[in-house]
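K.L.:
So the chains spell out like this:
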Amino acid sequence: MLKFYDREFSSRLLIGTALYPSPRIMQDSIRAAGSQIVTVSLRRETAGGKTGDAFWSLIRELDVTVLPNTAGCRSVREAVTTAKLARELFGTSWIKLEVIADNDTLQPDVVGLVEAASILIKDGFEVFPYCTEDLSVALRLVEAGCKVVMPWAAPIGSAKGITNRDALKLLRARLPDIALVVDAGIGAPSHAAEALELGYDAVLLNTAVAKAENPVAMAGAFKLAVEAGRTAFEAGLMDARDFASPSTPVVGTPFWHAVS
Amino acid sequence: MQVTVNGEHREIASGTVDALLAELDYEGTHFAIAVNFDVLPKSRWAQTPLKAGDEIEIITPRQGG
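Going down the list, the sequences are from chains A and B.
Per the working numbering, residue 3 is the first one in the first sequence, and the count goes up by one each step.
Per the working numbering, residue 54 is the first one in the second sequence, and the count goes up by one each step.
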């Protein structure tokens with residue numbers, strides 16, 4: 003079972019709620035993904051608007067665990083206040099912590115991230131930090147009290163898949179007791195399977211499903227890929243080799259004789 | 054008095070958050086509110102006084118990744 007802080011889940015696919023062609027397709031995609039955890043955001047409500055109410059009732063119908071994010075926050079102060087607003091609004095101490103450094107890459111501000119995580123953990127939050135694949139940052143987040151670490155595979159929405167496989171492998175090896183989630187950059191089910199094969203506990207994605215030609219079908223494909231990747235990891239993958247090694251037995255090959 | 058609501062300067066008559074929501078015709082029910090970067094729990098909306106220059110954020114659930 004997947005464990006985040008003290009809660010257990012059977013699905014290892016976390017999914018976002020944004021960018022779908024319609025609210026109905028969002029709901030159907032989340033169901034097809036089999037996801038038990040969905041990410042949501044907080045935004046300013048316009049006067050007279052009931053946008054938030056309408057969206058929230060769609061999410062409640064799904065009966066899933068909500069992981070609010072601090073997307074768009076560019077400072078520690080904004081991220082900490084947004085996390086506290088999320089706790090008030092959603093009644094959860096979970097927060098997907100994002101502190102963004104750069105508009106073009108949506109790269110995490112890892113310095114601000116560690117600072118914000120420390121503040122929030124002291125205040126009782128259970129933090130899911132969106133970070134780079136840098137080991138030193140991950141170690142600082144763990145030191146601050148994070149039990150979950152969420153490195154990117156590639157920039158958000160880029161669909162490039164795992165661009166720094168060695169670094170992600172290193173994180174897995176060095177943080178065996180931390181729940182690791184590949185968050186951002188996943189474009190295809192094969193990318194998700196690869197993350198699970200590396201021993202990652204889960205993946206979090208949004209755009210790859212929401213922007214597919216058929217989001218509901220793609221959500222189903224990701225579900226299968228995540229299950230396949232996890233099963234493969236548990237089954238124990240063989241190591242790669244530099245040269246061929248015959249699978250068919252050599253002994254008894256017709257016409258075979260030793261080269262003299 | 055002059056305050057900032059969701060990043061916009063406004064002249065308001067209300068003295069509390071509760072009154073402000075009514076004054077600005079907010080009709081929804083799922084809000085969280087921060088005043089000057091401090092979250093104001095719903096239980097205190099009716100009694101917490103607003104003052105000139107306050108920065109008020111009215112926040113609601115939205116799609117996110």
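These are calculated hints, taken from the structure and not from any lab test.
Predicted model only: the values in this text are computed from it and were never measured.
Incorrect hints may have been included.
Stated by the list, open to error - Pairs of lysine to aspartate or glutamate residues, derived as EDC-like cross-links and limited to a Cα-Cα distance of at most 20 Å, are as follows:
(1) Lys52(A) / Asp107(B)
(2) Lys86(A) / Glu76(B)
(3) Lys86(A) / Asp107(B)
(4) Lys95(B) / Asp241(A)
(5) Lys124(A) / Asp55(A)
(6) Lys95(B) / Glu76(B)
(7) Lys52(A) / Glu64(B)
K.L.:
Would you mind marking each hint as holding or not holding in the structure?
P.N.:
Cross-check of the supplied hints:
1. Lys52(A) / Asp107(B): Violated: Lys52(A) and Asp107(B) sit about 24 Å apart, past 20 Å.
2. Lys86(A) / Glu76(B): 25 Å, violated
3. Lys86(A) / Asp107(B): Holds, at about 18 Å.
4. Lys95(B) / Asp241(A): Roughly 57 Å separates the two Cα atoms, so the pair is violated.
5. Lys124(A) / Asp55(A): 31 Å, violated
6. Lys95(B) / Glu76(B): Within the cut-off at roughly 17 Å; holds.
7. Lys52(A) / Glu64(B): 23 Å, violated
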